[in-house]
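Protein chains in written order, with numbering that gives the first Met the number 0: chain A, 0 to 406; chain B, 0 to 288.
Bear in mind the hints are in silico, worked out from the structure with no lab data behind them.
A portion of the hints provided could be inaccurate.
[Stated by the list, open to error] Straight-line alpha carbon distances no greater than 27 Å define the calculated BS3-like cross-link-like pairs of lysine-lysine that follow: (1) LYS129/B x LYS369/A; (2) LYS129/B x LYS370/A; (3) LYS267/A x LYS163/B.
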Amino acid sequence: MNTRPIASFLLGTALALAATSGAMAQDKTIKVGVLTDNSGLYADLGGPGSTLAAQMAIEDSGLAAKGWKVDLISADHQNKPDIGTAIARQWIDVEKIDVFMDVLNSGVALAVNNVVREKNAILIDTGAATSDLTNAQCSPNTIHWVYDTYMLANSTGQALVKAGGDTWYFLTADYAFGHALERDTAAVVVKSGGKVIGSVKHPLNTADFSSFLLQAQASKAKIIGMANAGGDTTNTIKQAAEFGIVAGGQKLAGLLLFITDVHALGLKVAQGLNFTETFYWNLNDGTRAFSKRFSERMKNKAMPSMVQAGVYSGLIHYFKTLEALGGNPHDGAKVVAKMKEMPTDDPLFGQGTIRADGRKLHPAYLFEVKKPEESKGPWDYYKLIGTTAADQAFRPLSESACPLVKK
Amino acid sequence: MQALYAQLLVGLINGSFYALLSLGLAVIFGMLNIINFAHGALYMMGAFVAYFLLNNDYLSIGYWPALIVAPIVVGIFGMILERTMLQWLTGLDHLYGLLLTFGIALIVQGVFQNYFGSSGLPYAIPDQLKGGMNLGFMFLPVYRGWVVVFSLIVCIATWFLIEKTRLGAYLRAATENPTLVRAFGINVPRMITLTYGLGVGLAALAGVLSAPINQVRPLMGADLIIVVFAVVVIGGMGSIMGSIITGFALGVIEGLTKYFYPEASNTVVFVLMVLVLLVKPTGLTGRAA
Numbered sequence: 000m001n002t003r004p005i006a007s008f009l010l011g012t013a014l015a016l017a018a019t020s021g022a023m024a025q026d027k028t029i030k031v032g033v034l035t036d037n038s039g040l041y042a043d044l045g046g047p048g049s050t051l052a053a054q055m056a057i058e059d060s061g062l063a064a065k066g067w068k069v070d071l072i073s074a075d076h077q078n079k080p081d082i083g084t085a086i087a088r089q090w091i092d093v094e095k096i097d098v099f100m101d102v103l104n105s106g107v108a109l110a111v112n113n114v115v116r117e118k119n120a121i122l123i124d125t126g127a128a129t130s131d132l133t134n135a136q137c138s139p140n141t142i143h144w145v146y147d148t149y150m151l152a153n154s155t156g157q158a159l160v161k162a163g164g165d166t167w168y169f170l171t172a173d174y175a176f177g178h179a180l181e182r183d184t185a186a187v188v189v190k191s192g193g194k195v196i197g198s199v200k201h202p203l204n205t206a207d208f209s210s211f212l213l214q215a216q217a218s219k220a221k222i223i224g225m226a227n228a229g230g231d232t233t234n235t236i237k238q239a240a241e242f243g244i245v246a247g248g249q250k251l252a253g254l255l256l257f258i259t260d261v262h263a264l265g266l267k268v269a270q271g272l273n274f275t276e277t278f279y280w281n282l283n284d285g286t287r288a289f290s291k292r293f294s295e296r297m298k299n300k301a302m303p304s305m306v307q308a309g310v311y312s313g314l315i316h317y318f319k320t321l322e323a324l325g326g327n328p329h330d331g332a333k334v335v336a337k338m339k340e341m342p343t344d345d346p347l348f349g350q351g352t353i354r355a356d357g358r359k360l361h362p363a364y365l366f367e368v369k370k371p372e373e374s375k376g377p378w379d380y381y382k383l384i385g386t387t388a389a390d391q392a393f394r395p396l397s398e399s400a401c402p403l404v405k406k
Numbered sequence: 000m001q002a003l004y005a006q007l008l009v010g011l012i013n014g015s016f017y018a019l020l021s022l023g024l025a026v027i028f029g030m031l032n033i034i035n036f037a038h039g040a041l042y043m044m045g046a047f048v049a050y051f052l053l054n055n056d057y058l059s060i061g062y063w064p065a066l067i068v069a070p071i072v073v074g075i076f077g078m079i080l081e082r083t084m085l086q087w088l089t090g091l092d093h094l095y096g097l098l099l100t101f102g103i104a105l106i107v108q109g110v111f112q113n114y115f116g117s118s119g120l121p122y123a124i125p126d127q128l129k130g131g132m133n134l135g136f137m138f139l140p141v142y143r144g145w146v147v148v149f150s151l152i153v154c155i156a157t158w159f160l161i162e163k164t165r166l167g168a169y170l171r172a173a174t175e176n177p178t179l180v181r182a183f184g185i186n187v188p189r190m191i192t193l194t195y196g197l198g199v200g201l202a203a204l205a206g207v208l209s210a211p212i213n214q215v216r217p218l219m220g221a222d223l224i225i226v227v228f229a230v231v232v233i234g235g236m237g238s239i240m241g242s243i244i245t246g247f248a249l250g251v252i253e254g255l256t257k258y259f260y261p262e263a264s265n266t267v268v269f270v271l272m273v274l275v276l277l278v279k280p281t282g283l284t285g286r287a288a
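Start from the sequences, fold in the hints, and give me the full structure.
Shown next, in the form of structure tokens:
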């Protein structure tokens, strides 16, 4: 049998369809990719929880009922920039992913930031800390959603120097994130009248901190600033207690702590720590309602971290923007420009804006970890002790090195 | 100078874990010829068993009994592994044992991570070992001192058991020539199973010891096992005393690196491994096969 006429007929139909669909209506398909650490030391603060948050955002957006088709995939970058970029390229070229979510780990984020810009996709980074994403490395395709090293340094650093902690020693994770956090915090300390008397850089994912802690102890600095995250921070805090560092009069400053870390440490060890976050599940009715739904669907019933909350919030704004555009133009820079025009509003981070450099603005909260007897139940961990307004919390545009900012 | 003493001591503490773990590996490799890549996962299981013993709804079993119970529980798990899977690999190339145990490690770690997440669970230092003493040059937490002393005792006892007792002699003979030893009426397969259980128990013991220092995390063993393998390679595969001494020595060297050039502290062991392999491929105390 000769199949050629059928084949060419099918081809013709397909071509005709392709030609008309573009003219008739805007494309209403969206592909979301959650690129995160699914198996390593940051998996609890992002990981599967971020994918769940994205899933919830897709469900809550109600896009499916309005004729949109939203696909979600996720992958593990294993905290390795080379793996992250390889996945990013494949996702954009083969899977046609429109928007990258989470992308925690500053090293990976800076690498993916470049790929996304080169291929005109979108990066809504909710997990990485480095403030370079909206400073020297800023991109018309990237929005930095939740927090950054400048904000953490500004809020926690200033508060501690004001409280008398004027000499600092840093324990720093030896990669892009740790370096950025130490740099930004040191700047704030010096600006507020304090002094940095030393620092030590430890490899990412270190189990034993005793050597580094002894060096910090010997420095006699009043504040030991932990410019690290996740499992590194929890191990540092736990072992600092063992070596009598806090009992000896030195104070630990968690520059980046997540609620999952506090949960892992237990209140007995973590009590009294001061640090900054932009989201806590028990802030208001909106955050409580979301967190309850989230926790019920998590395998270990965990409350959302600010990174996971950011995935939800970022996607909600992204979906709103696409609705406003009437379809998905699959043009990263164009969508991001529109996202910056529109004010953001969601139950988790409240009302906010996105600046020209890609920095999402919202208030920063200074928390203190409760004493065990103050906690009323599981996950009741934080006391709010200070709030920095959205316009004060992040690096002012006047100090920005971002080429997108017109001066 | 004071700081240096402190770093030496801290290195010794880490060395105790390396020694305990590489000792178990050496016992298993020396007696069974299995490269036990599941060692890290079994170490992690030891810590988790200690955690479950303390935190369950029925009865809270504290640290001291856990030091005995956890190695036995995990040891039994190990013996089941040996009986059901590893024993079929006797006589095959090392690679098969390595791949099988590596697979087991991935599965065990995956299951634990699925249920407990990656940040881990807290385990407090037992009351009797809380606090610390001021040694003049450093503040030594009592618990860390205990770890060094206790693991040293366990290491020497194991060495004595294998190298100096009749049981150890049977064991060594059974590896050398199983058929002949069987002819003397000794149940060689059972002895091998028990030896694997012993090696695994040592890993679990190290896990219990480390639970109060580190977070009890599903990946705690995965992070450590590669270093421990380097220790075994440097010490000489299968050499009991070699792995004990190398364990402590490398802990100290790593500790010094953390002081002089911290950025290299997680690679120094491997640099040494390469050097040793270049100069003396059988390891420092190993004999040519």
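So, going through the hints one by one against the coordinates:
At roughly 23 Å between alpha-carbon atoms, LYS129/B and LYS369/A fall within 27 Å of each other, so this suggested pair holds. Between the alpha carbons of LYS129/B and LYS370/A the distance comes to roughly 20 Å, so the proposed pair stays at or under 27 Å and holds. Only pairs whose Cα atoms come within 27 Å are accepted, and LYS267/A paired with LYS163/B is rejected, the gap being roughly 47 Å.
Of the numbered hints listed earlier, the single one contradicted by the structure is hint 3.
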